[in-house]
Amino acid sequence: MLMKFRATAHAYGNYIDTEQILPARYCLSRKPEDLVPHLMEGADPEFAKRMKKGDIIVGGHGFGCGSPREIAALVIKWAGIRAVLADSFDRFFYRNAVNIGLPVLEVLAVQYGIKTGELVEVDPDQGLVRNVSKMRGFHCTPIHDFVKTLILTGGLEDYARRRITGGQRI
Amino acid sequence: MGRTLTEKILADRAEIEEIQPGQFILIKPDAILVTDESAPDAIESFKRIGARTVIKPDRVVFVHDHLVPARDAQAAETAALMRKFAEEQGIANYFEVGRSGVGHLLMLEEGLAVPGDVVIGADEHTCAQGALGLFAAGFGSQDIAAAWAIGETWMKVPETVKVELSGELPQWVGGKDLALKLAGDLGPDAARYKAIEFCGSAIERLPVHHRVALCAMAVEAGAKNAIIQADDVAASWVRPRARRTLRLFKADHDARYEETRRYDLGGFAPQVALAGRPIQVKPVDALDKVRIDQVVLGSCSNGMIEDLREAAAIMRGNKVNRQVRMLVIPGTSGTLKQAIEEGLIQTFVGAGALVLPPGCGPCNRGQGGALAAGEVAVTTAPFSLAGCMGDPAGQVYLAGPAVAAVSALMGFVADPRSVSI
Ligand code: SF4
Numbered sequence: 001m002l003m004k005f006r007a008t009a010h011a012y013g014n015y016i017d018t019e020q021i022l023p024a025r026y027c028l029s030r031k032p033e034d035l036v037p038h039l040m041e042g043a044d045p046e047f048a049k050r051m052k053k054g055d056i057i058v059g060g061h062g063f064g065c066g067s068p069r070e071i072a073a074l075v076i077k078w079a080g081i082r083a084v085l086a087d088s089f090d091r092f093f094y095r096n097a098v099n100i101g102l103p104v105l106e107v108l109a110v111q112y113g114i115k116t117g118e119l120v121e122v123d124p125d126q127g128l129v130r131n132v133s134k135m136r137g138f139h140c141t142p143i144h145d146f147v148k149t150l151i152l153t154g155g156l157e158d159y160a161r162r163r164i165t166g167g168q169r170i
Numbered sequence: 001m002g003r004t005l006t007e008k009i010l011a012d013r014a015e016i017e018e019i020q021p022g023q024f025i026l027i028k029p030d031a032i033l034v035t036d037e038s039a040p041d042a043i044e045s046f047k048r049i050g051a052r053t054v055i056k057p058d059r060v061v062f063v064h065d066h067l068v069p070a071r072d073a074q075a076a077e078t079a080a081l082m083r084k085f086a087e088e089q090g091i092a093n094y095f096e097v098g099r100s101g102v103g104h105l106l107m108l109e110e111g112l113a114v115p116g117d118v119v120i121g122a123d124e125h126t127c128a129q130g131a132l133g134l135f136a137a138g139f140g141s142q143d144i145a146a147a148w149a150i151g152e153t154w155m156k157v158p159e160t161v162k163v164e165l166s167g168e169l170p171q172w173v174g175g176k177d178l179a180l181k182l183a184g185d186l187g188p189d190a191a192r193y194k195a196i197e198f199c200g201s202a203i204e205r206l207p208v209h210h211r212v213a214l215c216a217m218a219v220e221a222g223a224k225n226a227i228i229q230a231d232d233v234a235a236s237w238v239r240p241r242a243r244r245t246l247r248l249f250k251a252d253h254d255a256r257y258e259e260t261r262r263y264d265l266g267g268f269a270p271q272v273a274l275a276g277r278p279i280q281v282k283p284v285d286a287l288d289k290v291r292i293d294q295v296v297l298g299s300c301s302n303g304m305i306e307d308l309r310e311a312a313a314i315m316r317g318n319k320v321n322r323q324v325r326m327l328v329i330p331g332t333s334g335t336l337k338q339a340i341e342e343g344l345i346q347t348f349v350g351a352g353a354l355v356l357p358p359g360c361g362p363c364n365r366g367q368g369g370a371l372a373a374g375e376v377a378v379t380t381a382p383f384s385l386a387g388c389m390g391d392p393a394g395q396v397y398l399a400g401p402a403v404a405a406v407s408a409l410m411g412f413v414a415d416p417r418s419v420s421i
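Protein chains in written order, with my numbering: chain R, 1 to 170; chain Z, 1 to 421.
Treat the hints with care, as some may be off.
Unchecked claim - Here are the simulated DSS-like cross-link-like pairs (lysine-lysine), alpha carbons at most 25 Å apart as the crow flies:
| hint | chain 1 | residue 1 | chain 2 | residue 2 |
| --- | --- | --- | --- | --- |
| 1 | Z | K47 | R | K31 |
| 2 | R | K148 | Z | K28 |
| 3 | Z | K28 | Z | K250 |
| 4 | Z | K319 | Z | K337 |
| 5 | R | K77 | Z | K337 |
| 6 | R | K4 | R | K53 |
| 7 | R | K4 | R | K31 |
| 8 | R | K49 | R | K115 |
| 9 | Z | K56 | Z | K8 |
| 10 | R | K134 | R | K52 |
| 11 | Z | K47 | R | K148 |
| 12 | R | K77 | R | K49 |
| 13 | R | K148 | Z | K156 |
| 14 | Z | K156 | R | K77 |
| 15 | Z | K250 | Z | K8 |
| 16 | R | K31 | R | K134 |
| 17 | R | K148 | R | K52 |
Since the hints were made in silico from the structure, they are not lab data.
All chains, please: the whole structure from these sequences, using the hints.
Right under this line is the structure:
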């Protein structure tokens with residue numbers, strides 16, 4: 001059961017690509033401390049300074065498009081972002097996020113109903129998103145059991161490890 | 001309720017009764033393709049999982065295509081890592097430099113991907129393989145490592161967009177031109193995370209290499225996979241080389257498609273697109289004169305023997321324009337061998353082109369053939385990210401083999417229909 005939670009949003013428009021999420025020039029390093037300060041720099045240079053752990057990112061269509069580098073989703077998780085909500089996700093970004101247990105929710109027209117700084121309540125199990133600051137609600141497909149498993153176990157690698165050692169099949 | 005081609009294959013391999021778009025399924029892939037560019041991350045992930053043996057190593061295919069031959073010590077280390085892992089895990093389908101080629105073409109030519117299969121590849125353009133009536137899509141390194149470790153991968157069943165092609169394919173127009181036009185019309189959202197199913201009277205007569213070019217660009221529109229029903233043309237092409245029995249699926253007549261788009265090929269013009277996202281596509285004659293510095297013929301989308309034949313027919317007895325560097329990349333070692341036997345390499349070299357080792361060549365900032373700032377290239381590769389051939393300031397036009405060949409002769413992006421060859 002994924003707990004309902006409240007978080008401050010950082011909102012963006014359509015086609016936030018992996019270059020805006022984490023510019024390629026920083027990708028030579030794989031260390032969180034080198035990368036987290038540059039998160040979202042391509043779209044919002046002030047993001048890293050403004051952001052607090054537990055916040056969420058809100059995007060429009062095609063969030064995470066561009067070159068399918070897995071580090072883009074990883075840096076979002078390393079930074080402590082609780083979830084990413086968007087009208088739609090690039091397929092590779094969506095898979096990479098699910099595989100590392102970063103909650104990603106497709107929420108129709110969410111980009112138009114939430115501004116940066118506003119407080120949002122997210123209930124992944126029920127598929128409910130509410131802009132608390134503006135009393136506006138959105139529906140989305142509730143998070144799927146298998147994705148929940150990956151979020152709770154910490155990702156696909158942990159899930160695979162359990163399958164090999166524990167052998168239980170969900 | 002009827003099922004689309006993709007839904008049928010996924011339901012069959014996942015052994016489930018019910019299937020509908022949005023559903024999450026666990027599926028055992030029939031083949032797992034890994035290239036020299038993606039192997040290190042997958043092997044690293046496999047180690048992090050703590051797995052020791054690959055389940056069903058006979059399903060795994062290792063190829064050298066992006067960095068052929070190793071251009072520096074780091075690339076050589078990657079290759080060595082792959083070799084060691086393949087030996088340890090008993091991966092027999094290991095294609096060494098000299099016997100390799102672009103992974104997606106090798107899978108088809110070696111019969112390692114056959115109709116009815118589910119193929120996962122550690123490369124964005126795995127969708128190209130859907131040309132032979134199978135499910136094929138690109139996956140991340142963790143998905144590949146997990147598939148090695150537990151023999152399964154998770155998938156979200158996609159919606160399907162149907163694209164119906166009718167009419168006769170005009171001269172100088174091929175699968176790549178159709179793919180470019182479609183990618184331009186679909187834009188970045190219409191096919192995002194969806195399957196594209198091609199059908200129609202024009203498809204039934206379409207030779208396999210045009211089908212591959214048609215499917216290879218699906219990912220440029222954000223699609224998950226592209227697929228063409230394996231009919232007699234595809235089945236007779238693959239039967240002599242197939243390593244597994246073919247399973248010929250057909251979409252149900254009452255299958256539900258999210259959208260249907262129709263194209264009549266009569267009067268269709270060769271297309272060109274300026275690389276970048278979103279892709280900007282236009283008929284070649286609508287382009288004002290664009291001087292070019294380089295032409296690249298090859299790639300997963302247009303590296304088959306028929307593509308080389310089409311370009312050679314234009315270039316025979318002619319010379320590459322003085323200011324142009326033309327790079328010809330046979331898709332696989334088998335294609336190179338055949339191109340030598342048919343005298344195509346003689347034609348290309350005679351015209352002043354440079355023949356590169358089978359593989360991806362300069363596509364995706366890879367091996368040799370980068371562009372300097374401000375230089376312009378025409379390529380038959382499907383990769384449409386700006387800066388995909390070296391310097392981001394370099395301009396890259398995507399086109400089919402006919403436009404590429406005639407442009408190499410003329411020194412600017414030219415229309416094969418208006419040039420007397
Ligand atoms: S030719 Fe280009 S697009 Fe095709 S697999 Fe190689 S790098 Fe990818």
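Hint check results:
Of the supplied pair hints, the one linking Z/K47 and R/K31 holds, its CA atoms being roughly 19 Å apart against a limit of 25 Å. Proximity of R/K148 to Z/K28 is assessed by CA-CA distance (about 21 Å); at most 25 Å being required, the pair is judged to hold. Among the hinted pairs, Z/K28 with Z/K250 is consistent with the structure: their alpha-carbon atoms are about 21 Å apart, no more than 25 Å. With a C-alpha separation of about 23 Å, the suggested pair Z/K319 and Z/K337 falls inside the 25 Å cut-off, and the hint holds.
A C-alpha spacing of about 49 Å is found between R/K77 and Z/K337, which places the hinted pair above 25 Å, so the restraint is violated. For the proposed pair R/K4 and R/K53, the alpha carbon gap of about 16 Å is at most 25 Å, so the pair holds. Taking the CA atoms of R/K4 and R/K31, the gap is about 31 Å. The hint is violated against a cut of 25 Å. Between R/K49 and R/K115, the direct Cα distance comes to roughly 18 Å. Compliance with the 25 Å bound is thereby established for this hinted pair.
For a cut-off of 25 Å, the pair hint linking Z/K56 to Z/K8 stands: about 24 Å separates their Cα positions. Taking the CA atoms of R/K134 and R/K52, the gap is about 21 Å. The hint holds against a cut of 25 Å. For the hint pairing Z/K47 with R/K148, the CA-to-CA distance comes to about 24 Å; that is within 25 Å, so the pair holds. Restraint check for R/K77 and R/K49: satisfied, since their Cα atoms lie roughly 16 Å apart, inside the 25 Å limit.
A threshold of 25 Å between alpha carbons decides the hint, and for R/K148 with Z/K156 the separation of about 14 Å falls inside it, so the pair holds. Of the pairs offered as hints, the one joining Z/K156 and R/K77 holds, with about 22 Å between alpha carbons and a cut-off of 25 Å not exceeded. The straight-line distance between the Cα atoms of Z/K250 and Z/K8 is roughly 8 Å, inside the 25 Å bound, and the hint therefore holds. Taken as a hint, the R/K31 and R/K134 pair is broken in the structure, with Cα atoms around 38 Å apart against an allowance of 25 Å.
With a C-alpha separation of about 24 Å, the suggested pairing of R/K148 with R/K52 holds against the 25 Å cut-off.
When each numbered hint is compared with the structure, violations occur for hints 5, 7 and 16.
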